[in-house]
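Colleague: Sequence:
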Amino acid sequence: MAQVNRIPIAQFFQDFWQEGVDTYKELQDYYQSLPNIDTAIREACFFHNKKDKLEPHQYRIRKIAKQAFFENVSKIKKAILKCQDFKGLHDLLEKCKPKYLGPLAIYDAALRLGIFLQKQNPNCNFEPQEVYLHRGTEEGAKKLMKLRVLSFSKAKIRPVSDFSWLCPQRANDSKFALLVENFLCVKKSLFR
Numbered sequence: 007m008a009q010v011n012r013i014p015i016a017q018f019f020q021d022f023w024q025e026g027v028d029t030y031k032e033l034q035d036y037y038q039s040l041p042n043i044d045t046a047i048r049e050a051c052f053f054h055n056k057k058d059k060l061e062p063h064q065y066r067i068r069k070i071a072k073q074a075f076f077e078n079v080s081k082i083k084k085a086i087l088k089c090q091d092f093k094g095l096h097d098l099l100e101k102c103k104p105k106y107l108g109p110l111a112i113y114d115a116a117l118r119l120g121i122f123l124q125k126q127n128p129n130c131n132f133e134p135q136e137v138y139l140h141r142g143t144e145e146g147a148k149k150l151m152k153l154r155v156l157s158f159s160k161a162k163i164r165p166v167s168d169f170s171w172l173c174p175q176r177a178n179d180s181k182f183a184l185l186v187e188n189f190l191c192v193k194k195s196l197f198r
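To convert, count from 1 in the sequence shown and add 6; that's my numbering.
There could be a bad hint or two in this list.
[Said to hold, decoys possible] Pairs of lysine-lysine residues, derived as BS3-like cross-links and limited to a Cα-Cα distance of at most 27 angstroms, are as follows:
1) K193 to K148
2) K162 to K88
3) K83 to K56
[Stated by the list, open to error] Computed Cβ-Cβ distance ranges for the label pairs, DEER-style:
4) P128 to D97: 19 to 27 angstroms
5) H63 to K152: 35 to 43 angstroms
6) P128 to K148: 33 to 41 angstroms
7) L196 to K88: 19 to 27 angstroms
8) L60 to Q90: 36 to 44 angstroms
9) K162 to L196: 38 to 46 angstroms
10) P128 to P14: 14 to 22 angstroms
11) R48 to C130: 39 to 47 angstroms
In short, the hints are calculated from the structure, not lab data.
Don't be surprised by glycine CBs; every beta carbon is placed ideally from N, CA and C.
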C-alpha cells in the first residue's frame, strides 16, 4: 500500500478531509453572505477568500489580468445566472480568460461563484463532480498514481472514481472532487 511518511495515503487523506471541509465552509460562509451577483463576480475574479483577503496562491497573478478577467466575466453575468452546474460555469469562465491567467485561477473563480449561485439556486449543484487537474493538482496526481502503480492519462479532468480508493466511504460526498483536488495540490510534496 502506498504510504506518506509511514502513514497510508488513504488514512492521510481521511485526516486531511476535516481540514478541507473546514476551509471550504469558511469560503461558503463568505460567498453566501455576498449581497448580489455583481459583488460575487468582483470577489471571485479578484480571488478573495474573505473581504479584501486574497487567496494565498493567487498573489502572483498580475492586477491587470485580474481586472481584465473581472471585466470579461461581468459582461456575461446573465449567462452565469443561467448556469445549472459547476462544469457549465467553469466552461463559461474559461472563455473569459485573459492572458496570464491559468487553469487554477479559472477553477478557483468557478468554485467561488458557484458557492454564491448555489444559494440562489438550491436545486442545482455547483460543486465540482470531477477532479480538475491544473499544474499543482496534476503533479500530485502523477506522483500519487505512480505510488499506486496506476497509469496516468493526460486528461485534465478525471472522474472521481479514479480517486475513490482514497476514501471509499466518502466518494459519493458532494465535496469529494474538490477536496481531492485540494489534497493533490496542497500535499503533493509528500507523495514520494
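Colleague: Are there hints from earlier that the structure breaks, and if so, what are their numbers?
Modeller: 5, 7, 8, 9, 10 and 11
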